[in-house]
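Listed below, chain by chain, are the residues.
There are 2 protein chains.
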Amino acid sequence: MSREWRIGVAGLGVVGGGLVRFLQERPGFAPGGDTVRLVGVTARDRDKPRGADLSGVEWFDHPLSLAASPEVDLFIELIGGAEGVARAAVTAALKLGKPVVTANKALIAAHGLELAALAERTGASLHFEAAVMGGVPAVKMLREGLVGDDVISIAGILNGTCNFILTEMERTERSFAAVLAEAQRLGYAEADPTTDVGGFDAAHKIVVLAALAFGGAPNFAAAEVEGIQAVELIDIRLARDLGYRIKLIAEAAGSARGASVRVAPALVPLNHPLAQAGGALNALFVEGQRVGRLYIQGAGAGAGPTAAAVAADIADVIAGGRRPVFGRPATELKPLPSLERDRQIDKAFLRLMVRDEPGTIAAISEALAKAGVSIDSFLQRPVEDSGHVPIVLITHPATEMAIDDAVTHIASIPAVIERPRSIRVART
Amino acid sequence: MSREWRIGVAGLGVVGGGLVRFLQERPGFAPGGDTVRLVGVTARDRDKPRGADLSGVEWFDHPLSLAASPEVDLFIELIGGAEGVARAAVTAALKLGKPVVTANKALIAAHGLELAALAERTGASLHFEAAVMGGVPAVKMLREGLVGDDVISIAGILNGTCNFILTEMERTERSFAAVLAEAQRLGYAEADPTTDVGGFDAAHKIVVLAALAFGGAPNFAAAEVEGIQAVELIDIRLARDLGYRIKLIAEAAGSARGASVRVAPALVPLNHPLAQAGGALNALFVEGQRVGRLYIQGAGAGAGPTAAAVAADIADVIAGGRRPVFGRPATELKPLPSLERDRQIDKAFLRLMVRDEPGTIAAISEALAKAGVSIDSFLQRPVEDSGHVPIVLITHPATEMAIDDAVTHIASIPAVIERPRSIRVART
Numbered sequence: 119m120s121r122e123w124r125i126g127v128a129g130l131g132v133v134g135g136g137l138v139r140f141l142q143e144r145p146g147f148a149p150g151g152d153t154v155r156l157v158g159v160t161a162r163d164r165d166k167p168r169g170a171d172l173s174g175v176e177w178f179d180h181p182l183s184l185a186a187s188p189e190v191d192l193f194i195e196l197i198g199g200a201e202g203v204a205r206a207a208v209t210a211a212l213k214l215g216k217p218v219v220t221a222n223k224a225l226i227a228a229h230g231l232e233l234a235a236l237a238e239r240t241g242a243s244l245h246f247e248a249a250v251m252g253g254v255p256a257v258k259m260l261r262e263g264l265v266g267d268d269v270i271s272i273a274g275i276l277n278g279t280c281n282f283i284l285t286e287m288e289r290t291e292r293s294f295a296a297v298l299a300e301a302q303r304l305g306y307a308e309a310d311p312t313t314d315v316g317g318f319d320a321a322h323k324i325v326v327l328a329a330l331a332f333g334g335a336p337n338f339a340a341a342e343v344e345g346i347q348a349v350e351l352i353d354i355r356l357a358r359d360l361g362y363r364i365k366l367i368a369e370a371a372g373s374a375r376g377a378s379v380r381v382a383p384a385l386v387p388l389n390h391p392l393a394q395a396g397g398a399l400n401a402l403f404v405e406g407q408r409v410g411r412l413y414i415q416g417a418g419a420g421a422g423p424t425a426a427a428v429a430a431d432i433a434d435v436i437a438g439g440r441r442p443v444f445g446r447p448a449t450e451l452k453p454l455p456s457l458e459r460d461r462q463i464d465k466a467f468l469r470l471m472v473r474d475e476p477g478t479i480a481a482i483s484e485a486l487a488k489a490g491v492s493i494d495s496f497l498q499r500p501v502e503d504s505g506h507v508p509i510v511l512i513t514h515p516a517t518e519m520a521i522d523d524a525v526t527h528i529a530s531i532p533a534v535i536e537r538p539r540s541i542r543v544a545r546t
Numbered sequence: 119m120s121r122e123w124r125i126g127v128a129g130l131g132v133v134g135g136g137l138v139r140f141l142q143e144r145p146g147f148a149p150g151g152d153t154v155r156l157v158g159v160t161a162r163d164r165d166k167p168r169g170a171d172l173s174g175v176e177w178f179d180h181p182l183s184l185a186a187s188p189e190v191d192l193f194i195e196l197i198g199g200a201e202g203v204a205r206a207a208v209t210a211a212l213k214l215g216k217p218v219v220t221a222n223k224a225l226i227a228a229h230g231l232e233l234a235a236l237a238e239r240t241g242a243s244l245h246f247e248a249a250v251m252g253g254v255p256a257v258k259m260l261r262e263g264l265v266g267d268d269v270i271s272i273a274g275i276l277n278g279t280c281n282f283i284l285t286e287m288e289r290t291e292r293s294f295a296a297v298l299a300e301a302q303r304l305g306y307a308e309a310d311p312t313t314d315v316g317g318f319d320a321a322h323k324i325v326v327l328a329a330l331a332f333g334g335a336p337n338f339a340a341a342e343v344e345g346i347q348a349v350e351l352i353d354i355r356l357a358r359d360l361g362y363r364i365k366l367i368a369e370a371a372g373s374a375r376g377a378s379v380r381v382a383p384a385l386v387p388l389n390h391p392l393a394q395a396g397g398a399l400n401a402l403f404v405e406g407q408r409v410g411r412l413y414i415q416g417a418g419a420g421a422g423p424t425a426a427a428v429a430a431d432i433a434d435v436i437a438g439g440r441r442p443v444f445g446r447p448a449t450e451l452k453p454l455p456s457l458e459r460d461r462q463i464d465k466a467f468l469r470l471m472v473r474d475e476p477g478t479i480a481a482i483s484e485a486l487a488k489a490g491v492s493i494d495s496f497l498q499r500p501v502e503d504s505g506h507v508p509i510v511l512i513t514h515p516a517t518e519m520a521i522d523d524a525v526t527h528i529a530s531i532p533a534v535i536e537r538p539r540s541i542r543v544a545r546t
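Residue numbers (the working numbering), protein chains in the order written: chain B, 119 to 546; chain W, 119 to 546.
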């Protein structure tokens, strides 16, 4: 009763190359007796060395023809990008009722609902474990493991490049620009790093996880996204002096009625697991009404972890089973509406540069009071060469509006020489 | 095309009560449109209040009759125990081809292979997510999420009672006996605490996880088990002074060819995630050849988390799919043979009580050298009231045989007043 699954792989980058080697070495890896055989591949550049023997494998010049080939039973999309050939090829395979495994977070975040509906209509399946957190089975955890729970919130570190840059800034006491340049030299960051450092990659991932967690469809448009470009070394240092580390936190809180989804730098207490997930690690907290707080951490990218996640999805396709793409049938899903965050109350880190003049502290304290914001901790550092004094404080929990008010009031104090920098303290 | 699944629940303790309420409140929780209905229950004491309305539910006097009832499509076993009625009832249900969900780690550790073979013969399925780490989906992670990887080792904290006791000993500076007595008063530990504090509960769990991780059948007989009864407050204190915390670590390393499986107290560096998983938390590291190091942490017990895990298993049964119980067909599984650990090389913590006499340090140093063991760190504390001096040291990595040798040599030094206490330092 066992069968052979003929696999087509579109995209032969680092992950694709790793996957091709794995499939060739381990055709019987999936449980239950079925085997896999790599029958077709496609990539932008046919002549690039891949470290894999593709002699017995048909080369396709276009992903669409690979997806549609009658020789291919299961289509793997590792091209990337929300639009263009990736979307067209995945759509073509699903239309033919072929199962698809993809690592494409942008595609799922942008068109997840439409693709899920198509898959469910044609009886195909669509898997995307590798799209989020690489080898960490976060998608499976939310989609299957927590189906008996109501998730309240998820929060984590979902972009390894940003985490590497922030970790290196602290470790080597260098600026964002200097560390980014090094990361680009080492190949950890793209030539155009905007997708990563602008927070968009993390946003794609948290949007997908939020859909699974709260029972909606991905809604990228409703996510607030701020990257790490404006994080300065002085903020990293001062945050550490107050017992915090700055991380790019992707988070979502809500329910099927709606969610607030956000990616932004935030302060995390030094002894918190998210503060200790350094380098290129990814990490995620899930808070469920029944299970309480789950934490999961691991390599969020790289050939090995991501190829392993794709392989797990292939095994899921082979195992079969009836499970809607996002846990609920696509016909019942709506894009998760955005919850107003006016009432969201958090502590904030405020960093000011002031001239060392009498009465300045009193004026700051008054400005905060006017905004209804009170102080949790306060740190004034010795005068720097410039004669400007950095002052940093953590507020008690306050609405974002109140914090914005406080920033505006403080900025109008004559001795304050630039608009204060405000960074949220993550709820943990 | 949707159907109703008629559920029978055997065992109405804390988890069973939570599950019953969940099933009654959320009959449509499983993805895909099928519903569940609680049709039968059984427990030792019919008259105990459960906080759930059982008026429309048939009461069975024996788990066997519930398991065999033609009214029941899916049998949930929450009785516990490797033998007796739990085993008989699960066997009866599987024989009839009925899917079974169980939270019974002892049963799966002792009879997993036999039950898996029976399930696969009759076409039933057998799920046990709730048997290990409560609401943390560790079974699903190993069985499905890592099917595209080769696991090298797993290590973690799998017994919340032991973790609570060790955490409280350190926090309140009390003895094992005192904290255990309090835990019993609070209901965190059983009247007969041997299963927990003797390490057997953690051993059941690591044996099950090792089977999934390495592709074998559970082999409880091959596990080495040591509990926390002999952990003294002085060791906890001295370990902390050296930068470590003592945890009950359950670990397994190996492959399908065999594994070394062990539960024992071990030192973990204070900044390590396992050292920071306090109280009743459970935590697990998985090291895979491709995914690298994964870490997962959460509530390992309790009504909410465990009932959520049972519910996830019910959803898996409903989703269907062909997946052997232990990932590989039972006919291909052998009990994981025990790997010799002679070559296992770890650092060790040695704690000595000595009389404050000249030449003692030299004699200890000589005894260690004789065994071929060298010193990584060394701490002598001020004399206590008794006139006895505690000396504690961490060795460089050495075989267990060499450490045993060193302990014997040291014990024979006249100034050493008792056999040194030796605790392994966990590889992390």
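The reader is advised that the hints may include incorrect statements.
[To be verified] Here are the computed distance ranges between Cβ atoms for each label pair:
| id | chain 1 | residue 1 | chain 2 | residue 2 | range |
| --- | --- | --- | --- | --- | --- |
| 1 | B | I270 | W | R162 | 40 to 46 Å |
| 2 | B | G397 | W | R545 | 45 to 51 Å |
| 3 | B | Q302 | W | R545 | 48 to 54 Å |
[What the hints assert, rightly or not] Here are some chain B residues the structure puts well away from chain W; computed CB gaps all over 10 Å:
| id | residue |
| --- | --- |
| 4 | E232 |
| 5 | G263 |
| 6 | E350 |
| 7 | N389 |
| 8 | Q394 |
| 9 | V409 |
I should point out that these hints are in silico values taken from the structure, not numbers from a laboratory.
We put the CB at the ideal spot given by N, CA and C, even for glycine.
Hints, one by one, checked against the model:
no., hint, in the structure
1, B:I270 - W:R162: 40 to 46 Å, "violated, 35 Å"
2, B:G397 - W:R545: 45 to 51 Å, "violated, 20 Å"
3, B:Q302 - W:R545: 48 to 54 Å, "violated, 35 Å"
4, E232, "holds, 19 Å"
5, G263, "violated, 3 Å"
6, E350, "holds, 27 Å"
7, N389, "violated, 7 Å"
8, Q394, "violated, 7 Å"
9, V409, "violated, 3 Å"
In the structure shown, a violation is registered for the earlier hints numbered 1, 2, 3, 5, 7, 8 and 9, in ascending order.
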